[in-house]
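Peer 1: Single-letter residue listing:
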Amino acid sequence: MARHLIGRPASSEATGCRQGDRQDGQGPIFPDFSVNTGRKALFFLLLPLLFLGASLAPAQAQSPAFKDAGPLATDTGHLLIEWDAPGEVTLLVAKSANLADADPVYRGDYDAYFLSGLADGSYTLVLEGEGGARSEPVMLEVAHQSLPRALWLTLVGLIITLGIVIAIVKGARDD
Amino acid sequence: MTKDAILLAPSTGYLLLGLFSLLWIGLGIYWGRRNKSFEDHALAGRNVGLALGSATAAATWITSNTTMLAPQFALQLGIWGMLAYSTAAFGLILFAPMARRIRQLMPHGYTSGDFFRLRYGRTAWGIFMLFTLFYSLTWLVSMAMAGGILLEALAGIDYVWGMTVILAVCVIYTMRGGLAAVIGTDFIQSLIILVGIVVVGFAVLQNVSVGEIHANLTAHKPQLVEVLFPAAIMALFNNLLFGLGEVFHNNVWWSRAFAFREGVGSKAFLIGGLVWFPIPVAAGFIALASGALGVGVPSPDMVGPLVIANVLGEVGAVAIFIIVFCSLASSIDSLLAATSDLITEDIYRKLIKPAATPERLKKVAQIVTLLLGLGTWAVCVPRLGTLATVLFFAGPLVGAMIWPIVAGLYWRRATSVGAIGGMLLGGGVGLVSYFAIGWYVASTIATAVSMVWVLGAAWLSNDQYDWNLLKEA
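Chains A and B, in that order, give the protein sequences. Mapping the first sequence onto numbering that gives the first Met the number 0, position 43 (from 1) lands on 42, and the numbers just tick up by one. Mapping the second sequence onto numbering that gives the first Met the number 0, position 155 (from 1) lands on 154, and the numbers just tick up by one.
Any given hint could turn out to be false.
Said to hold, decoys possible - Derived pair list, reagent style BS3-like, types lysine-lysine, alpha-carbon separation capped at 25 Å:
no.	chain 1	residue 1	chain 2	residue 2
1	B	LYS266	A	LYS169
2	B	LYS35	B	LYS352
3	B	LYS362	A	LYS169
4	B	LYS352	B	LYS362
5	B	LYS266	B	LYS352
6	B	LYS266	B	LYS35
Since the hints were derived computationally from the structure, they do not count as laboratory data. The structure presented is a predicted model; accordingly, all values stated were derived computationally and were not measured.
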């Protein structure tokens, strides 16, 4: 993807040149002993910086990425979302696939966010990096547990609890 | 930044750790100076009054889980989750009348193991010991691990150092002072925790109103304010029954029932339960405010400290550090004391050396405390994350012990077959439901199965248990 290459030197295949050639077709870049010593010294001083810049530049512009590419699912409406990102990110959660209703639920430099309280439905999650670079979207499906089963189990819990309370309060009256 | 947020300078953390370590060890040695026999060491001479009794009941029940997991419950399960955690208070409240009954039936008793052995026989006692040691040891390991992890997260103190210091401090003052030291330090720890939680709650309310919190939840986390939230309403009674099972069976609570002065137990547990009830609500409220306060939560168990540090800055970070240290110490010391008493009384005295002198038993209890500390340390050093989650398996096991204990304390017709079947069937089916459905139903299902079996066995039985047999202990 194009934004992954921002700041990187163009490849030789892309430019059609061999290494060591001037791109203007004027012969090899080095060794060229016809240039004066001062310029040559400056060139060799700047060369490591060029390499350093080339190696750092891609990291600064790297897109954030979710650790789990999904699709994700939960039956409780909560889950931990983790990602890799070089700096600050914004986590967007949207119900529509085109992110028209995106809700920025987190902005900061942590590498995880605990998402909770989601109602039933399909959600799209996207990370936005500092430079505006976006991650690949991740789909999240929320389908809560069966409500009738939950109500039945709650009723069972209530009956057991009442039984325990009665047994203790009534105590050992028959003794 | 990672999920492990550091809120306090390590130098401040080490200073607080050192100061409180010296305080607890000093007080432990001071309070333990009069202990001569095993009864003095294990049961504080059976003479603990109402103020100390109420404080130790509340403080022991305020674990690091209360200050860390209660906010997590609220963040995961909303208003219901917050209330579900609070229902654990009913464990103490319902144990109040049971404490009176225990003291009346077993005036010379030492442990909950004594009750199972005398009431239901060796087989039931063996199953009980298996279940309760599993629960106690995993609780102990999870507390020590939580201590190391939290001190590292709060102040950047190395995990092994933090865990080692907390464990060593608790082992030293429990060994030296026994239950008297545990109860005495619990009193101070409970005061610090209560004041801290109240101050933090008001500080949060100064920064954001209840209306703003509700509006934020409705807009961004609607399920947290939903009345019919399935997992949350299932968690309500599940957590209540987990709490009942924990308190009803564990020697942490039985040893206090034996240690409290005549007539104090029922009042102390009732007051302790009522004092404890609002704490998870306050802690949970802090978590629900996280969204309105704009606090991002990278890990659910860190929501409480993150919000407090956000609202109160460095003062808040110091406060949460002290609250966490106090809640960890108040639980670890109780577990060390109660588990060492259980092993000394139920295994050493009853199975190995029935003729051991009181002085010898006290020495054995101290050695067992030291060994428990060393064993816990060895298990905690590798920092295996999965160990802490093992504690949740205990939910169905403790739920399955509720009915054998209640029926055994109050009904002459309760039988060994009922107790053994109730524990095994309830525990087994509960564990299956833990994996098949989720943790939020495991205790409910385990208690239901155990209840049906125990009630059926008692109904079919013609036994008339002689209560005097319990006085032998």
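Peer 1: Take the hints in turn and mark each one as holding or not.
Peer 2: Each hint tested on the structure:
Of the pairs offered as hints, the one joining LYS266 (chain B) and LYS169 (chain A) holds, with about 18 Å between alpha carbons and a cut-off of 25 Å not exceeded. For the hint linking LYS35 (chain B) to LYS352 (chain B), the alpha-carbon distance of about 19 Å falls within 25 Å, and the restraint holds. Under the criterion of a C-alpha separation no larger than 25 Å, the hint pairing LYS362 (chain B) with LYS169 (chain A) is inconsistent with the structure, at around 42 Å. As the CA atoms of LYS352 (chain B) and LYS362 (chain B) are separated by approximately 13 Å, the hinted pair is consistent with the 25 Å bound.
This hinted pair does not check out: LYS266 (chain B) and LYS352 (chain B) have alpha carbons roughly 36 Å apart, beyond 25 Å. Between LYS266 (chain B) and LYS35 (chain B), the direct Cα distance comes to roughly 28 Å. Violation of the 25 Å bound is thereby established for this hinted pair.
Comparing the model with each numbered hint stated earlier shows that hints 3, 5, 6 do not hold.
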